[in-house]
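Those protein sequences? They're chains A and B, same order as listed. For the first sequence, our numbering begins at 1 and goes up steadily by one. For the second sequence, our numbering begins at 1 and goes up steadily by one.
Quick caveat, the hints were computed from the structure, so don't treat them as lab data. From the three backbone atoms N, C-alpha and C, an ideal C-beta is built for every residue, glycine too. Mixed in with the good hints, there may be bad ones.
[Said to hold, decoys possible] Listed below are several chain A residues computed to face chain B (Cβ distance under 7 Å; list not exhaustive):
(1) Gly-43
(2) Pro-44
(3) Tyr-46
(4) Phe-102
(5) Gly-103
(6) Gln-104
[As the list claims (entries may be wrong)] Where chain A lies over chain B, by a calculated footprint (3+ residues, C-beta under 8 Å):
(7) 84 to 93
(8) 104 to 115
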Amino acid sequence: DAKTTQPPSMDCAEGRAANLPCNHSTISGNEYVYWYRQIHSQGPQYIIHGLKNNETNEMASLIITEDRKSSTLILPHATLRDTAVYYCIVRVGTFNTGKLIFGQGTTLQVKP
Amino acid sequence: DAGITQSPRHKVTETGTPVTLRCHQTENHRYMYWYRQDPGHGLRLIHYSYGVKDTDKGEVSDGYSVSRSKTEDFLLTLESATSSQTSVYFCAISESGFANTGELFFGEGSRLTVL
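Between the sequences and the hints, there should be enough to build the whole structure, so can you do that?
As structure tokens, this is what we get:
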């Protein structure tokens, strides 16, 4: 199963871009990279996912390196409400019963 | 927000007693999951279901059993609760189980304390 490595914590100034890195050097060709976040004690929330190409939605952008060994989640204009634990996950499991394995994540602290 | 309801939201029980947590969904999604979250361990998968009466183990399944007799309900049972099972339990659902890159929707969590 592909594993991910993230820094345990990061700080970001409010209004600036937050760039959260993730290493997934053992990812296989058909595995997707997912990002979720968990605000305080709420249930995790889906942010974005990608396979090879860069992806963007209303919440964030996902940049995946050409060799797919790492990726970066970008929150273009971080706000205080973006303070959360961010999880980078690689899909594991069989085709029909795929499951997400969460790691420790990165605690992002957005500061005024 | 996805229609997921966990019950009870908070429970205190004693060691050795049975406990059942219920996850109810109104989305008619095929896949359902139970995770537990503990400080220093992040979220860990306990069991998941890929259809009615179809379940499989996750990373930390020892001491837990599950049942899914209908699409909307996924029950997590601790046959004999232990203090190590004190945790926050999250239910999640998915329409496609990631076969087609479907995302997970999480419930609000159930906080269980075993004394």
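Point to revise | Hinted contact A/Gln-104 with chain B - closest CB pair below 7 Å | key: holds, 5 Å
Review point. Any CB of chain B closer than 7 Å to the CB of A/Phe-102?
Key: Constraint on A/Phe-102 satisfied, holds at 4 Å.
Check your understanding: For the stretch 84 to 93 of chain B, do at least 3 residues have a Cβ located nearer than 8 Å to some Cβ of chain A?
Key -> holds (count 3)
Point to revise | Closest C-beta approach of A/Gly-43 to chain B relative to 7 Å, hint status | key: holds, 3 Å
Point to revise | Outcome, coverage of the stretch 104 to 115 of chain B by chain A - at least 3 residues whose beta-carbon is closer than 8 Å to one in that chain | key: Check passed, 6 qualifying residues.
Exercise for review: Have a go at the A/Tyr-46 hint: is there a Cβ in chain B nearer than 7 Å to its own Cβ?
Suggested key: This interface hint holds because 4 Å falls under the 7 Å limit.
**Study point:** chain B contact restraint for A/Gly-103 - C-beta distance below 7 Å
**Key:** The hint holds - A/Gly-103 has a Cβ within 7 Å of chain B, the shortest such distance being about 6 Å.
Exercise for review: Grab the minimum C-beta distance from A/Pro-44 to chain B and call the hint holds if it beats 7 Å, violated otherwise.
Suggested key: holds, 5 Å
In this structure, every one of the numbered hints holds.
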